[in-house]
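These protein sequence lines are chains A and B, in that order. For what it's worth, my numbering labels the leading residue of the first sequence as 11, then goes sequentially. For what it's worth, my numbering labels the leading residue of the second sequence as -8, then goes sequentially.
A portion of the hints provided could be inaccurate.
What the hints assert, rightly or not - For lysine-lysine, the following DSS-like pairs were computed, each having C-alpha atoms within a straight-line distance of at most 25 angstroms:
1) K15/B / K40/B
2) K40/B / K28/B
3) K39/A / K132/B
4) K89/A / K132/B
5) K132/B / K82/A
6) K120/A / K144/B
7) K132/B / K120/A
8) K89/A / K185/B
By construction, these hints were calculated from the structure, which means they are not laboratory data. Every value quoted in this text rests on a predicted model; they were computed, and no experiment measured them.
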Amino acid sequence: MAGGERRLKEARERLENIIQTCREVEAGKLDPFAVPVEDLIEVIRGLFSLWREPEDLSLDARALEAISGVVKAQSEWVKKRSTKLYRDPFLVEERLEALEPETLASIFLKAWHPIVELEQLTLFSLERALTYWSELPGREEGAGEEEGAAEAPMLAEAGEVVFEEIQEALETLWAELKEKARGGSVHYWDFIAGETYAETVRRAYLTSFLVTYGYARLEVDPLSEEFVLRPRRRPLRRPRERGTSVVIPITCEEWLSHVS
Amino acid sequence: MSVRKGKAYYARKVKKAAHLLFFKRHYRPGAKGWELKKAVGPDYLRVLKILDGLLRPLDLQVKQVFEAPVPEVGPEIAALPETPAESQEEQKGRRSPDEARYYVVLRSTLEPSELKYCGWRIDDLAALAISIALILARGGKAPRADVEGFLRKKLPGWRVRAGLERLIRSGYLGEDEEGMLYLDWRSLAEVDLKGLLDLLSKLELNS
Chain A
11 MAGGERRLKE ARERLENIIQ TCREVEAGKL DPFAVPVEDL IEVIRGLFSL
61 WREPEDLSLD ARALEAISGV VKAQSEWVKK RSTKLYRDPF LVEERLEALE
111 PETLASIFLK AWHPIVELEQ LTLFSLERAL TYWSELPGRE EGAGEEEGAA
161 EAPMLAEAGE VVFEEIQEAL ETLWAELKEK ARGGSVHYWD FIAGETYAET
211 VRRAYLTSFL VTYGYARLEV DPLSEEFVLR PRRRPLRRPR ERGTSVVIPI
261 TCEEWLSHVS
Chain B
-8 MSVRKGKAYY ARKVKKAAHL LFFKRHYRPG AKGWELKKAV GPDYLRVLKI
42 LDGLLRPLDL QVKQVFEAPV PEVGPEIAAL PETPAESQEE QKGRRSPDEA
92 RYYVVLRSTL EPSELKYCGW RIDDLAALAI SIALILARGG KAPRADVEGF
142 LRKKLPGWRV RAGLERLIRS GYLGEDEEGM LYLDWRSLAE VDLKGLLDLL
192 SKLELNS
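Throw the hints in and build the complete structure from the sequences for me.
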């Protein structure tokens, strides 16, 4: 009798183990093809004659249901790999790591067919732009007509900061830039990095005006591929070259990496 | 019973379809199948086919793209049946052309020297190639942190974050609430995904 009980206990444990293994496959922890489905079904069939209690029959049903989950996972595995876009992830990542950006770009160009689209300015959008412009603080009728007003920084136009204060801050920063550059250039982050993050943001903000208003040039160092600032001897009032916008994120992490 | 339509009939419709496809009216360029159906008529696929033929000498083509939920790219417009009604049998089990979005894209590809006309840098293009290939290799979604980490191996750190944001803003990549990146509408419309993966694999054989 005791032997029969022990046999029953062992059989239940075997079913529990089968269920556990199948659950791991479903959770993606195990390769679905690492589980011998037919052998497991044979085991379940062999144990079936032992079950008398409803709990054991329920366990048997759970084991079969778990095996069906493995079959489903196998089917999904095959489906995913049979799609036209499937490639071995390790192979792709290895390729990407090995290739230079120039090679990657030239490969991409062979597979790239950009959309052709036309953007147009409608009377409606012109009207909206005009309304927006005329409602800006300091843009009321008559304002902004004095000479030089067009060159005033945006913040001053918005009436938040006195123009003279910004002008003074710009002149000070420009002098500092000329001193640090010593006739050459200085790395952008070396120049803007301050003792605190807030100070760094303030310097970056003012530096953007130095560049916009022709006090300095923002260039890319061809060797390090980093931005450098090159001060001009005198501000360029009418820029000869066409300006472009450059986005430089000033994140706290980046600032920490430069000051540490 | 089919009624033979004259040249003038199609010329008018082709013009209308061209206006819809070329001029950007909303956030996205191009037009949905149902929009074209409404504006051009039920035979809009035949009209698009004619337009496609007219665009061929200009190295342009009309492209059909099925978007969410399955990133499925449609066949060339020339290979499509001319009207949805004619192809109901063939369409069984497939998605309706009315659900697709239609764009005008470049038929061939750009030369590296032409990149500057579009405002792209080599680094930006490499970042796009890496992001797309990585997302495809991971089965359609990849954690943003992984993509950023991968890009940092190739590009200066300050360019990675700004570059990814630009790709997301322009519709090449999307980001879900869990911080997973996926291919967004512009990648599906512009990039020959299978071709890109094939080119990457072929290069391995040659190297």
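Verification of the supplied hints:
1. For the suggested pair K15/B and K40/B, the alpha carbons sit about 21 angstroms apart, so the restraint of at most 25 angstroms is met.
2. For the hint linking K40/B to K28/B, the alpha-carbon distance of about 14 angstroms falls within 25 angstroms, and the restraint holds.
3. For the hint pairing K39/A with K132/B, the CA-to-CA distance comes to about 19 angstroms; that is within 25 angstroms, so the pair holds.
4. Distance check on the hinted pair: K89/A and K132/B sit about 17 angstroms apart at the alpha-carbon level, within 25 angstroms; holds.
5. For a cut-off of 25 angstroms, the pair hint linking K132/B to K82/A stands: about 21 angstroms separates their Cα positions.
6. Note on K120/A and K144/B: the hinted pairing holds, with a Cα-Cα distance of about 23 angstroms set against a maximum of 25 angstroms.
7. Of the supplied pair hints, the one linking K132/B and K120/A holds, its CA atoms being roughly 23 angstroms apart against a limit of 25 angstroms.
8. For a cut-off of 25 angstroms, the pair hint linking K89/A to K185/B stands: about 17 angstroms separates their Cα positions.
The structure meets every hint from the earlier list without exception.
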